[in-house]
Amino acid sequence: GAVVSQHPSRVICKSGTSVKIECRSLDFQATTMFWYRQFPKQSLMLMATSNEGSKATYEQGVEKDKFLINHASLTLSTLTVTSAHPEDSSFYICSALVPGAHGYTFGSGTRLTVV
Amino acid sequence: GESVGLHLPTLSVQEGDNSIINCAYSNSASDYFIWYKQESGKGPQFIIDIRSNMDKRQGQRVTVLLNKTVKHLSLQIAATQPGDSAVYFCAENGSGGGSNYKLTFGKGTLLTVNP
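These protein sequences, in sequence, are chains A and B.
Going by this note's numbering, the first sequence opens with residue 1, and the numbers climb by one from there.
Going by this note's numbering, the second sequence opens with residue 1, and the numbers climb by one from there.
Quick caveat, the hints were computed from the structure, so don't treat them as lab data.
Here are the simulated lysine-lysine pairs, DSS-like style, with alpha carbons at most 27 Å apart:
#, chain 1, residue 1, chain 2, residue 2
1, B, K68, B, K56
2, B, K71, B, K102
3, B, K102, B, K42
4, A, K64, A, K14
5, B, K42, A, K14
6, A, K64, B, K42
7, B, K42, A, K66
8, A, K14, A, K66
9, A, K55, B, K102
10, A, K66, B, K102
11, A, K20, B, K42
12, A, K20, A, K55
13, B, K102, B, K56
14, A, K64, A, K20
15, A, K20, B, K102
16, B, K42, A, K41
17, A, K64, B, K102
18, A, K41, B, K71
Covered stretches of chain B, as calculated for chain A (at least 3 residues, CB under 8 Å):
#, stretch
19, 37-48
20, 101-107
Just so it is clear, CB atoms sit at the ideal spot from N, CA and C, and this is done for glycine as well.
Just chain B, same shape as in the assembly (with noise of 0.2 Å):
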């Protein structure tokens, strides 16, 4: 997984934007992604998922895109609105199917939506 910075990368966006959240992992044999949000105070909120043999999902107003290439995993959120303001981690589970089913959390960005 990602090393954990001290600080924490920023994304600002006016609201009706469209955000794209970066995301690069180091494993290989990383066969599970999840995109969590973090609110503050609050415990990571499952977004989405995308599974290594795939290479883009949709759900709704997120879209989570997979480079198993480059090891690269995007979240893009359509049409930012204020709520949408938060933490958000990627994560992934480097068991390569085994049986740890350890997550591992990227650095995190903090998105802000501007009114």
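If we strip away everything but chain A, and leave its shape as in the complex, we get (with noise of 0.2 Å):
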């Protein structure tokens, strides 16, 4: 149980264009779900929490206006990388806080590469 689906596992796209990436959750609602960036042989770092029906929080350094990130529904949210350019290329992943358990559960990772 618990399992968080995440698309697409790979994206390519050209400078400025921008990119959605999805994070469902399956089998529970997710009221509140993390985006995270990892660069190679990097730690994860948050960029964002997204809690359901309401504004994302953002975490220091992240531009809100380039990662935009909706959640309107219990199962699902999005992240969409505005203008994206070539440092932009990273591994992005989700995760959602499981309810009742304190746990948490990540989705496969989107690995995006700006050309």
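Join these two chains into a complex; the hints should help.
In structure tokens:
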């Protein structure tokens, strides 16, 4: 149980375009989701916390206008990288807080390459 | 949480040996700690967790030790197998029981198991 599905797993886009990444909770309602970015050989860095029905809370240094987060339902959160540039190339991972268990479940990640 | 460095610490062990992976944390208010395993190109996979009211917890082939005095966490893997090769992260919930469920990840350790 408590599975999060993240899509796409891999995407290549041209510089200046926007890319949307989806994170769905399959068998539970995810009130709170998290978005992380991970550069090669580095740790996961939290970008923002997404709460259903309200605005996301961004970590310091993360541009909210560039990384748009929408959490309009209890089973779906999306991250849109707007006007992507090569430096946005990274591994993006979503996570959801599992209700009642005080635990977390992670998506399989999205490898974004901006060319 | 820990600062993120550019180089992952590495640990190389022989198959069948025991492995010990260490992690230091800085937030004395953290009350929940998790160890994750991450294989290349995948999201983190839960291994074991521990709450701050415990100092040891055992799972299948894994043991987590928590020393709150020195803010240190360790993961012990018994009879390490090639399939254990991955990057291991500790993560802490620094909410101290509050409504902030953000996880802070440590820098990670690359475990390589030699057959």
